[in-house]
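Asker: Based on the hints, put chain B in the right spot on chain A.
2 protein chains.
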Amino acid sequence: MKLALDVMGGDHGPPVLVRGALRARRELERPPELVLYGVPEAIRSVLAAEGEPADRFEIVPTTENITMHEPPAQAVRKKKDTPIVRAMGDVRAGAVAGVVSAGNTGAMVSAAMLYLGRLAGVQRPAIATWFPGRGDGSIVLDVGANADNKPEHLFQFGVMGSLFAEAALQRARPRVGLLNIGEESGKGSELYVRAHALLAEAPVDFIGNVEGRDIFRGKADVIVCDGFTGNVVLKLAESMIGFMVSRFRESVLASLRGKLGALLMRRDLLRMRKDLYYAEHGGAPLLGVKGCVIISHGASNDLAIRNAIRMAARFQELRTIEKTESLLG
Amino acid sequence: MKLALDVMGGDHGPPVLVRGALRARRELERPPELVLYGVPEAIRSVLAAEGEPADRFEIVPTTENITMHEPPAQAVRKKKDTPIVRAMGDVRAGAVAGVVSAGNTGAMVSAAMLYLGRLAGVQRPAIATWFPGRGDGSIVLDVGANADNKPEHLFQFGVMGSLFAEAALQRARPRVGLLNIGEESGKGSELYVRAHALLAEAPVDFIGNVEGRDIFRGKADVIVCDGFTGNVVLKLAESMIGFMVSRFRESVLASLRGKLGALLMRRDLLRMRKDLYYAEHGGAPLLGVKGCVIISHGASNDLAIRNAIRMAARFQELRTIEKTESLLG
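Which chain is which? The protein sequence lines are A and B, in order.
Using the working numbering, the first residue of the first sequence is number 1, and each one after it goes up by one.
Using the working numbering, the first residue of the second sequence is number 1, and each one after it goes up by one.
Here chain A stands alone, though its shape is the one from the complex (with noise of 0.2 Å):
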């Protein structure tokens, strides 16, 4: 099987791709096979530094790159030389199975939609991510493919997230829950009243509403949102796991005492902040779309590109597409 990984995208470009790929090759079981888009001198300086053959992967040359502010479905339609639409359009003509990028999100959504196209039943696509919780945490859907979604969308994403949280969460018969503000079927804004009577005769295991705070009980296996909850959920969890360390060293690390405390915690706090990591799970897919399609964080490592590359291997392994539109196409 083979992949395309963009290079250029992501905040800290070339160096962290090249090496996020590297250690796919070297760590994973069955690696897919890279190829690397993206300007071919920049890739073989990382290469040489890392002590790498220069030929070590297939390289794409592209000359443009679309940034993260840019309005993405014009950047998408105005530059054809980038790694993204390059990428697509070659996920198109089945010269690779997918593609991992860690670029403007925007604009890897408009490309999929023009390049791919969605699946048969599938009216919007969705991105799903994994958050941590008890157990195995959990998938959200939709959480940032969409502005504004209708009902139907989130019956659609009922299925697809899981589908996806088979193949991601390895469970046989995911739960399914409706983010909501309430427990009871009748809770919720008019979106959330009638897309919980849709899911309700979905083909999967639907919970019912489940609230904010049961996100981080494993309460669900796959948590359903319109695209603009799920987006500021994202945001805020992200951030808040942020705040919380950013305060504990504020507060603990200002003491000598702390500090000491600090080191002898050392091995346990640094298995918690693994835990809890979203590098550790790799990328978010796009589902919905004819295509694997992989979005990274724009701030992720050579950890988190190599675990997104991990996701986009088992999620053709797992035949998502396929299962996806028999239950829906």
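Calculated from the structure, these hints are not laboratory results.
It cannot be assumed that every hint is accurate.
One copy or two, it doesn't matter: identical chains are merged, so the pair holds either way.
What the hints assert, rightly or not - Okay, derived cross-link-like pairs now, DSS-like style, lysine-lysine, Cα gap no bigger than 27 Å in a straight line:
#	residue 1	residue 2
1	K187	K80
2	K187	K150
3	K290	K78
4	K150	K290
5	K259	K219
6	K235	K187
7	K235	K219
8	K290	K2
9	K79	K187
10	K187	K78
11	K80	K290
12	K150	K235
13	K150	K323
14	K235	K80
15	K290	K79
16	K323	K219
17	K187	K219
18	K78	K150
19	K187	K259
Since we're looking at a predicted model, the values are computed, not measured.
Answerer: Just chain B, lined up with the frame of chain A:
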């Protein structure tokens, strides 16, 4: 100033609520005169256990109660002899200046709408709550008085939130942000795009959109959102603090080194907990109704109740209601 306290609401009932009243009486600088609404025998048995005289507080005896899971609007219409309904009636009649309750939030909102009504210029009331964060934290509203909002409601929340933040955060000109999925003004759902345009013209210091990640970063003093999103965000944030603490316990306190380390940093950890702890800030006011209505968390302890009483007193002193009417009415 006389203040009504519902001693039957909340998860812990009269013992915790009466102890909260006693703490307010002992510990606040200018304690309001408290009137306790509930079953007299239950109140007197707590007073006896605390070694206090049976007539320490004025008591308004009630025979019924609204539980946490009753449909609120219905319960308020049917059960007239409950602390919430009786206290709202007394606020309306001018017998007490405000009411504090840790009971059913929906019932508080319904009873306030029915007995007090909305302030001129306010279409929907909003619950405003304090979030921890860099600096003094921020005020987020609405966190649950509404399931569906219109752009004009968010405009009114911005004005009410700004006036309340002057009182709660003691800031002269609070920075007001609109919770959204991107910083640019065109971002978000239709509701948020339109609310942005209205807030840009509001008589407040509107700083534009803020994202989920900004809530803990102290970017805005007031964060405006619809009641659905706010309620999800509030419950998520509360549970996340609990989740991080329990993960810390599991990871760190499982080892002897970790236990010893925690012992060394005990004082700092307690201080950090205090900084983050909602109870320290007391209850959340229901803004936009004709009276001072403070909603406490169902899980409130006596400290939280004491602080909710302090919040009610401050709310009155700062004439938040009169200021709101002069700006919106």
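Asker: Between copies, within a copy, both or neither: which fits K235 and K187 at Cα up to 27 Å?
Answerer: both (25 Å within a copy, 15 Å between copies)
Asker: With identical chains, the pair K235 and K80 could be close in the same copy or across copies; at 27 Å between alpha carbons, which is it: within, between, both, or neither?
Answerer: For K235 and K80, the Cα distance exceeds 27 Å both inside one copy (30 Å) and across copies (43 Å).
Asker: Go through the copies and call it for K78 and K150: within, between, both or neither, with a Cα cutoff of 27 Å.
Answerer: neither (30 Å within a copy, 36 Å between copies)
Asker: Have a look at K187 and K259 and pick one of within, between, both or neither, based on CA distance no larger than 27 Å.
Answerer: Result: close neither inside a copy nor across copies, 47 Å intra and 43 Å inter.
Asker: Please sort K187 with K80 into within, between, both or neither, judging by C-alpha distance up to 27 Å.
Answerer: This pair counts as between: shortest inter-copy Cα distance 25 Å, intra-copy 46 Å.
Asker: Is it within a copy, between copies, both, or neither that the alpha carbon of K187 lies no farther than 27 Å from that of K150?
Answerer: Close inside one copy (16 Å) and across copies (18 Å); limit 27 Å.
Asker: My question is about K323 and K219: at a cut-off of 27 Å on alpha-carbon distance, are they close within one copy, between copies, both, or neither?
Answerer: Classified as within: same-chain Cα gap 25 Å, cross-chain 44 Å, threshold 27 Å.
Asker: Using 27 Å as the alpha carbon limit, work out where K290 and K2 are close: within a copy, between copies, both or neither.
Answerer: Classified as within; 16 Å inside a copy, 66 Å across copies.
Asker: Checking an output row: K235 and K219, CA cutoff 27 Å. Within, between, both or neither?
Answerer: both (21 Å within a copy, 14 Å between copies)
Asker: Checking an output row: K259 and K219, CA cutoff 27 Å. Within, between, both or neither?
Answerer: Intra 36 Å, inter 29 Å, cutoff 27 Å: neither.
Asker: Could you place K150 and K323 in one of the four classes (within, between, both, neither) given a Cα distance threshold of 27 Å?
Answerer: within (23 Å within a copy, 39 Å between copies)
Asker: When no copy is named, should K290 and K78 be tagged within, between, both, or neither for a Cα gap of at most 27 Å?
Answerer: within (22 Å within a copy, 55 Å between copies)
When held up to the earlier numbered hints, the structure conflicts with 5, 14, 18, 19 and fits the remainder.
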